[in-house]
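Colleague: Keeping their order, the protein sequence lines are chains D and Z.
If you count the first sequence from 1, position 31 lands on 30 in numbering that gives the first Met the number 0, and the numbers rise without skipping.
If you count the second sequence from 1, position 58 lands on 57 in numbering that gives the first Met the number 0, and the numbers rise without skipping.
Quick caveat, the hints were computed from the structure, so don't treat them as lab data.
Quick reminder that beta carbons are idealized off the backbone N, C-alpha and C, glycines included.
Watch out, some of these pointers could steer you wrong.
One-sided excerpt, in silico: chain D residues whose CB lies under 7 angstroms from chain Z [said to hold, decoys possible]:
id	residue
1	Asn16
2	Leu26
3	Glu275
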Amino acid sequence: MITLKDLPVEEYYLPGNAACSGCASALSTRIALKILGPKTIVVIPACCASVIQGYYPKSPSKVPIMNTAFAATAATASGIVAGLEVKGRKGITVMGWAGDGGTADIGIQALSGAAERNEDFIYICYDNEAYMNTGTQSSSATPRGAKTTTAVMGKGERKKDVPEIMIAHDLPYVATACAAYPLDFAEKVSKAMKLKGLKYIHLLSPCPPGWRFPTEKMVEVGKAAVMTGAWILYEWEGGKYTLTGPSKGLIDKAKRRPLKEYLAMQGRFSKIPEAEVEALQRDVDSKWEAMKKKLGA
Amino acid sequence: MNKAKTGRAKVALSKPSEGASGLTGLWRLRRPVIDPAKCTKCHLCWLYCPEGAIARGADGAVWMIYEYCKGCGICSEVCPSKSISLVKEG
Ligand SMILES: Cc1ncc(C[n+]2csc(CCOP(=O)(O)OP(=O)(O)O)c2C)c(N)n1
Ligand code: SF4
Ligand code: SF4
Ligand code: SF4
Ligand SMILES: [Mg+2]
């Protein structure tokens with residue numbers, strides 16, 4: 000178990016970057032790099048994480064970042080891994096860090112190819128559930144009911160389940176995480192770092208401007224996503240699912256908070272019709288029923 | 000890409016620096032202020048600061064790096080002993 004004391008005091012992602020106030024993705028980058036340390040190469044496609052690096056000639060990152068095209072995170076990471084191998088450079092971790100648009104939509108073919116080849120890198124999708132840096136357009140990871148600038152009445156389709164798609168590739172390690180639980184996330188990054196092959200972590204990243212909640216509520220919103228069961232924290236390894244963190248105690252529906260509490264915290268679900276709230280609650284419940292079966296519980 | 004005299008390709012390479020996007024503390028509307036008498040040195044504020052704008056001393060004390068703190072208020076929300084208040088700037 001990783002505790003707060005295990006995290007190095009040293010920062011590898013420096014203050015004074017261009018992330019919005021209260022950004023969960025910036026927080027999680029900080030945490031991931033504390034675990035991975037200086038011998039890391041990060042690959043970032045077009046997304047908020049590329050924008051928040053600011054302008055040449057300065058960068059907030061103490062580790063090298065290769066900025067790549069929107070679709071190309073997993074292809075670029077594969078190339079870096081191959082280059083390191085040819086050069087005989089050992090002990091360097093390669094991490095892809097991409098948004099939900101760059102993962103669930105445009106980047107999925109490169110990711111699926113790299114997964115088939117089982118390339119040796121960590122891929123983290125920070126999921127803020129829309130195309131945020133271009134102005135909150137819907138992605139296939141935007142949840143049903145959420146308002147975006149391309150779904151002004153709320154999105155009609157369900158959220159694509161990318162971790163399950165990655166599990167279908169039979170990877171060495173797949174996990175979900177949430178930025179509101181940095182130590183649970185750190186534990187997963189640390190586990191992924193020690194394994195060979197492609198490790199995939201899907202990190203829910205509450206976004207104050209995009210989800211429309213006050214900056215100081217970022218942790219509370221992320222915790223509500225987990226405590227209402229809307230977002231399940233789990234690991235998948237060797238064909239086995241394991242719940243982690245507070246999700247362990249939420250198999251019983253009575254233990255989960257009503258979904259509407261989570262929705263009410265966010266402007267993107269404002270004025271959502273009651274029937275839609277009930278439909279979304281049923282989605283959560285059936286996701287948990289499916290999870291129960293997968294757990295064999 | 001230009002070829003330098005050495006034959007190595009030149010690429011745009013940024014160097015790590017605090018304040019890569021300037022003094023982001025100027026964005027702040029509210030200033031987090033710690034009451035050291037109440038602080039238990041649990042470091043949860045340090046853990047959760049998205050900016051890495053909370054420093055830790057050898058004695059465990061914490062303080063804000065106001066040049067860069069964006070005033071999000073997360074530290075104040077996660078502090079178990081309610082030691083951080085948000086004071087309006089300006
Ligand atoms: C091929 C291509 N199409 C569109 C864009 C414009 N673009 C840059 S980032 C982005 C959205 C990124 O969304 P996501 O991956 O979810 O990251 P976020 O901004 O939410 O962090 C878009 C559409 C681009 N850079 N390249
Ligand atoms: S738009 Fe959201 S994800 Fe992007 S930098 Fe701002 S808070 Fe972070
Ligand atoms: S207000 Fe936000 S940026 Fe400033 S110290 Fe607190 S958590 Fe960090
Ligand atoms: S969270 Fe509160 S009690 Fe803990 S170190 Fe920060 S100010 Fe002190
Ligand atoms: Mg996104």
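Colleague: Next step is simple, just say for each hint if it's right about the structure.
Modeller: Hints versus structure:
no., hint, result
1, Asn16, "holds (6 angstroms)"
2, Leu26, "holds (4 angstroms)"
3, Glu275, "violated (29 angstroms)"
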